[in-house]
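As you go down the protein sequences, you meet chains C and D in turn. Note that my numbering numbers the first sequence so that position 141 is 141, with each residue one more than the last. Note that my numbering numbers the second sequence so that position 94 is 94, with each residue one more than the last.
Don't read these hints as lab results, they were simulated from the structure. A few of these clues could be false.
No copy is singled out in the list; a pair is fine if it fits within one copy or between any two copies.
Straight-line C-alpha distance at most 25 Å; calculated DMTMM-like pairs for lysine to aspartate or glutamate [to be verified]:
{"#": "1", "residue 1": "Lys56", "residue 2": "Glu159"}
{"#": "2", "residue 1": "Lys2", "residue 2": "Glu126"}
{"#": "3", "residue 1": "Lys186", "residue 2": "Glu106"}
{"#": "4", "residue 1": "Lys56", "residue 2": "Asp114"}
{"#": "5", "residue 1": "Lys43", "residue 2": "Glu138"}
{"#": "6", "residue 1": "Lys2", "residue 2": "Asp167"}
{"#": "7", "residue 1": "Lys134", "residue 2": "Glu153"}
{"#": "8", "residue 1": "Lys186", "residue 2": "Asp76"}
{"#": "9", "residue 1": "Lys186", "residue 2": "Asp144"}
{"#": "10", "residue 1": "Lys46", "residue 2": "Glu99"}
{"#": "11", "residue 1": "Lys186", "residue 2": "Glu152"}
Protein chains: 2
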Amino acid sequence: MKRGKLIVVSAPSGCGKGTILSEILKNPKYYYSVSATTRQPRKGEKDGVHYRFLQKETFENLIQEDAFLEYASYCDNYYGTLLAPIEEHLSAGDNVILEIEVKGAEQIRKKRPDATLIFIQPPSIEVLRQRLEKRGTETQEVIDKRIAQAEEEMTHWNEYDYCIVNDVLSEAVEDFKAVARAVELKVNQE
Amino acid sequence: MKRGKLIVVSAPSGCGKGTILSEILKNPKYYYSVSATTRQPRKGEKDGVHYRFLQKETFENLIQEDAFLEYASYCDNYYGTLLAPIEEHLSAGDNVILEIEVKGAEQIRKKRPDATLIFIQPPSIEVLRQRLEKRGTETQEVIDKRIAQAEEEMTHWNEYDYCIVNDVLSEAVEDFKAVARAVELKVNQE
């Protein structure tokens, strides 16, 4: 069995990353790695689908056991990526997609030279702002905060292996598929 | 203007490389780099299409001027890749495809870290033999020689960035397109 590939994806909020990934994940060769967290499930969130919801003690024991590929804590809650399910799926030949923010991606780059890192960008900050405003689900203050965060995140694009600009969604999906396909053809070189 | 990418392709004879490339070259974004040679044109060969046919003296002057990306001599004839047309097309944003044997590819890897090297393989030596025999254009002796050469060349597959197995032609063409597309999305890292 040919080992699958580990694909790490980062994108500022509002880039259409979710839509792109849902297209990619229609292919059963891809497995989406679900993050673990100690925060409380929100309404509608399912364990094992949106997150693996863990008790704080369990999470801390797993940290001690070095069970995480990466983890971080935000607002008194832990968030992390468990290594075991990823390894299982890679061994089974699945390509594993890991969605993670810039700092987590940096941790993974160091630990896993076998990982392929993809950054998804909006065509411009202006377009991102228009998209967020068009959605109409956030206040202007939240939008401004997201834009500022996106601007910061976008300075890290060149730490990734591939950068996809999501201008036309169908093209961005094709870009992602091309990268995923190419990654499978990649010769591992030291 | 975004610079194009330099794509180097090697494949043992009989791998279907020509068929794959003719599919890729239907896209005008790709420019096929024509080799220069001092050998005599064969019947039907056109200057600038199959080769750039040069006088020996001209070729040697160009060597002195460092005008070649790589060159070699076989059977008293020179064969080489002129740098200028490649640079012109890369600057114009075209992706340049360079078809070359294993040793030439090795020279280019050293000189051009920006190049992407693709190796095309047959599914197996047995399949390659069957394909060559089915063609019926070569004697058994020539086939045996080609098989031996292919076996030697195939030991170098892991010196390339990507390896495409040409089992089903349409899949191999899609593989090539995916690699070419992915290469355009690649972030240049030192």
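Hint-by-hint comparison with the structure:
1. With identical chains, the CA atoms of Lys56 and Glu159 are never at most 25 Å apart, being 32 Å at best within one copy and 47 Å at best between copies.
2. Taking the shortest alpha-carbon separations for Lys2 and Glu126, only the inter-copy value of 22 Å comes in at or below 25 Å, while the best intra-copy value is 43 Å.
3. In this assembly of identical chains, Lys186 and Glu106 lie within 25 Å of each other by CA distance both inside one copy and across copies; the values are 21 Å within and 17 Å between.
4. Taking the shortest alpha-carbon separations for Lys56 and Asp114, neither the intra-copy value of 30 Å nor the inter-copy value of 47 Å comes in at or below 25 Å.
5. Taking the shortest alpha-carbon separations for Lys43 and Glu138, only the intra-copy value of 18 Å comes in at or below 25 Å, while the best inter-copy value is 71 Å.
6. In this homomeric assembly, Lys2 and Asp167 come within 25 Å of each other (Cα to Cα) only across copies, at 17 Å, whereas the closest approach inside a single copy is 34 Å.
7. Taking the shortest Cα distances, Lys134 and Glu153 sit within 25 Å of each other inside one copy (22 Å), while across copies they are farther apart (56 Å).
8. Proximity of Lys186 to Asp76 under the C-alpha cut-off of 25 Å is found in neither arrangement, the shortest distances being 40 Å within a copy and 37 Å between copies.
9. Taking the shortest Cα distances, Lys186 and Asp144 never come within 25 Å of each other, neither inside one copy (40 Å) nor across copies (30 Å).
10. With identical chains, the CA atoms of Lys46 and Glu99 are at most 25 Å apart within one copy only, with a shortest distance of 17 Å there and 52 Å across copies.
11. Proximity of Lys186 and Glu152 under a CA criterion of 25 Å is satisfied inter-copy only: 21 Å between copies versus 31 Å inside one chain copy.
In this structure, the earlier hints numbered 1, 4, 8, 9 are contradicted, and the remaining ones agree with it.
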